[in-house]
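> Since chain A is already given, all that's left is putting chain B on it; use the hints.
So the protein sequences, as listed, match chains A and B.
The numbering of the first sequence is the numbering used here, which starts it at 1 and goes up by one.
The numbering of the second sequence is the numbering used here, which starts it at 589 and goes up by one.
Just to be clear, a hint being listed does not mean it is correct.
Have a look at the derived ranges for each label pair, beta carbon to beta carbon [to be verified]:
#, chain 1, residue 1, chain 2, residue 2, range
1, A, Gly121, B, Asp749, 31 to 39 Å
2, B, Leu625, A, Ile372, 54 to 62 Å
3, A, Gly423, B, Thr742, 48 to 56 Å
4, B, Ala724, A, Asn298, 30 to 38 Å
5, B, Ile639, A, Lys508, 52 to 60 Å
6, A, Gly121, B, Ile639, 13 to 21 Å
7, A, Thr338, B, Gly636, 44 to 52 Å
8, B, Arg635, A, Lys387, 38 to 46 Å
9, B, Leu625, A, Val179, 51 to 59 Å
10, B, Leu705, A, Asp286, 41 to 49 Å
Rather than coming from a laboratory, the hints here were simulated on the basis of the structure.
Think of the CB as a built atom: it goes at the ideal place given N, C-alpha and C, for glycine as much as any other residue.
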Amino acid sequence: MKREMTGAEMVLQALKDQGVEHVFGYPGGAVLPIYDEIIQQDAVRHVLVRHEQGAGHAAEGYARSTGKPGVVLVTSGPGATNMVTALADAMLDSIPMVCITGQVPTNLIGNDAFQECDTVGITRPCTKHNWLVRRVEDLPRILHEAFYVATTGRPGPVVIDIPKDVQFATGEYEGPRHVAHKSYRPRVKGDMDAIRRAVELLAHARRPVFYTGGGVINSGPAACQLLRELVELTGAPITSTLMGLGAFPASGKQWLGMLGMHGTYEANMAMHDCDVMINIGARFDDRITGRLDAFSPNSLKVHVDIDPSSINKTVTVDIPIVGDVAHVLEDMVRLWRTGSHQIDKAALDGWWSQIDGWRARNSLAYRPSEDIIMPQYAIQRLYEKTKGRETYVSTEVGQHQMWAAQFFGFEEPNHWLTSGGLGTMGYGLPAAIGAQVAHPEALCVDIAGDASILMNIQEMSTAVQFGLPVKVFILNNQYMGMVRQWQQLLHGNRLSHSYMESLPDFVKLAEAYGGHGIRVDKPADLDAALDEMIATPKPVIFDCRVANLTNCFPMIPSGKAHNEMLLPDEANDEAIANAISADGKALV
Amino acid sequence: MNAQNLNAPSAYFMAAVTETPESHTLSVLVDNEPGVLARVIGLFSGRGYNIDSLTVSETEHEKHLSRITIVTTGTPLVIEQIHHQLERLVPIHRVTNLTVEARGRNFEKPLERELALIKVAGVGEKRLEALRLADAFRATVIDATAEHFVFEITGRTNKVDQFISILKPLGLVEVSRSGVAALQRGAEGL
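Only chain A is shown next, with the shape it has when bound in the complex:
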C-alpha cells in the first residue's frame, strides 16, 4: 500500500510498521520536523534523555533486555558525535540498534554549515552499515533495510542520516516487504557435515568443555533452551564469557562460572586442560584467552559463529561452523539424540573430579569483615535480596563490573546488561533506564562504581521525569578501582590520577535530582538499606561505602596463561608486586 507523505511522517510510519514502541532521543535543529510528528501521535513513545550518549546506552539496555532493536533519534553535528561512543559500544557487543540522525539540508552538506558534521564518515567504522538519505524516494526503503540489517546476522548498530530538506519533502511511502537483499545475505544454517563432525568429536571427548558467549543470547531464547538441553545431554562442564552470562543458569550443576581474566579458577583450568572445546557464540577475545601461544594447548576446537570473520581471527580452530547458534544447536541436539551418543562415563567422571579439585580452591573467596563492607559481600547481599524477583542488572565498567559478574547469579538470558567489548564507563545508568522502559514492573539495578557513575549521572533526571524507578548501587571505594589495581600490578603502585578526590555527596545528589539517597558504611546496616532501596518506588542512589583497596581476584596477570592464575589466597603484597615479573613483562 502506497501513500503520499513527508519524509518526517515516513520516519514515524516506518517505526510503527517495524513495531517500535519506544524511542530514546534528544531534539535539535536538524530533526525538528521528525519531533513535530512525534508529538502528534501516541504509538511511539519518546524518552527524552539528558545527553545523546545516554540515549544510545538506554537503547542498548532496551535491546539487550528485550531482544528487540533499540531506536534512537538525535540531531546533526554534536547530537551525532555524542552518539559515537554508544554506536562503538553496540558494534563491539553486537547489539541491534537503529540510530536516526538529522543532517543539514542537502544543498548545505559540505559547506561547514551550523551543526554540520560528516555523520556517515564519522560513524562508518563503528556501525554495521550507515546511510545518508539524499532523496525522499529512497527513505522508506532505507528505513526498512536499516531494521533488517541491524537485527539479522550478527546484530549491530546502523545509522540513517536524514537531511532536513528530505524530512520536509513529500514522496510515496511503502511498508516493509520481504525481498531478498541484493548483497547482504547472512547465513543462518550451519554446514551439516561440519556439525556432524563436531558432534562426533564431542561424543569421543574425554575432557570436553563448552565455552559460550553473547552470541547465544543474541540468537534468542530458543538458543538458550537448546544450549541447556545439549549441555545436560552431554554432561559436560560449561563456562561463559562476560557477555554470555545468563544463557546457562548459574545454579546449574555443570556451570563453572565465568572464564577469562577475572573468571573462576575452575573455568580457566578446564579451558586449559580440556581435549575438546566447543565455542558457541564467543569470539576468543583477548580478555578470555590470556597468552595466546599457551591458550588451551591440547584441545581440538569447534567454533560456532554467525560471523565468518570471527573464525580463525585470533585462535585457529579445527571445526568452524558458520551459522546462527539456535539453528546449529538444533542440529547438534538432534544428531546427538538420534546417534544415541554418550561421552565415555569413566573419562567424564575423572574430568569432573579434576574440576571439583579446582573448585575446592574456592577462587572467589575473600576475607569477610565486620567493620567495613567488602565489595564482594555487598554484591552477594544484593543478589540474595533480589532473588525471586524479576531483576535486570546493568553495570558500569571496572572492578564493580567484575564482582557483579562473579557474585550475581544469572538464571535467565537478557537480564545482564554490561559493556563488554568497548568497556564504556557511564554505560550502566542509561542501560538500566532502557531496561526499565521496556520492563516497567521489574527491578532494574545499575551496579556502579563511584568513578563510572559520574560519566552519565545526568540521566538521573531522565529517570525522574519518566517515573523510571532505577536503582543505582554504587560500590564506592573512592578510587577508579581497576585502574588503581593495574597501577599496583604494573606501575609500582604509583597511583597516578586514579583517586577520586572531592566526590559529590551521592545522597544529596539523588535528592537534588528528585530521587532518594541512601548511604551505608557498616556491614550490619546493609540488609535493611537494601530492603529500603528495593521498596522505594522512585529512582535511588545507594552510596555503598566499601573497603577502598580491595583488588579483584582471581586474575590472569598479563602475559600469563589460564593455568597461571593469581588466586586471592596467594595474593599477598609480595605476590602482587611480583605477579608480572621482569620475565613476565617480557612476555606481555
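Quick look at chain B alone, frame taken from chain A:
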C-alpha cells in the same frame, strides 16, 4: 611490530608475528554507490591491513556494479581475515581471492596488468636510449616534443617497475600508474 614495546608492562597480551607475509590479489564486486570505496579503504586502514595497489571502476553499468581490485600483503591468516571482513560490508556482493584461485589451477598468479604513463625529458644520446628502451619494452610514445617523451606501457607490475627504474638515469620526470587490474584465467567469470 614495535619490538621495544613488547617488553613494556601492559594490559594486553602481545606476541611477535612469526608467519611470513604473502602478496594476494583480491577482486571485489560492489554496488556502485557513494561511500563504498571509503568503506573498503577505511576497513584496511582501521584494521591495519596493507594496500599495495587498488583500482576501482564501474564494470557493469546497468547493474550499478563496480569491481575493486586490491593487491595486499599479509600472513595467510590475515589474508583470510581481510577476505571475511570485506564480505561483512553490506554493499559488497562478492569477494574472490584471485591468487588462491590461480594457485588452485597450478598458476603462480592470476592475470594481472598495470598501465603506466611515464614522462622523460632529455636531449642527445639519453633521449635516443630512452626511445630504444621503450621499443624493447613495447611502450608507445603518446606525447613528445624535442625535449621530452611520454611513454605508455602496459604489463605486469614488475615489468613496469623495471622500465621505470631503467629510465631513472635517462631523465625521468614523473610517473602515473593505474594500479593492478586482474582477472582469473579460463572461461568462467566471478
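> Confirm or reject each hint.
Going down the list of hints, with the structure as the test:
no.: 1; hint: A/Gly121 - B/Asp749: 31 to 39 Å; in the structure: holds, 34 Å
no.: 2; hint: B/Leu625 - A/Ile372: 54 to 62 Å; in the structure: holds, 59 Å
no.: 3; hint: A/Gly423 - B/Thr742: 48 to 56 Å; in the structure: holds, 51 Å
no.: 4; hint: B/Ala724 - A/Asn298: 30 to 38 Å; in the structure: violated, 60 Å
no.: 5; hint: B/Ile639 - A/Lys508: 52 to 60 Å; in the structure: holds, 56 Å
no.: 6; hint: A/Gly121 - B/Ile639: 13 to 21 Å; in the structure: holds, 19 Å
no.: 7; hint: A/Thr338 - B/Gly636: 44 to 52 Å; in the structure: holds, 46 Å
no.: 8; hint: B/Arg635 - A/Lys387: 38 to 46 Å; in the structure: holds, 44 Å
no.: 9; hint: B/Leu625 - A/Val179: 51 to 59 Å; in the structure: violated, 26 Å
no.: 10; hint: B/Leu705 - A/Asp286: 41 to 49 Å; in the structure: holds, 47 Å
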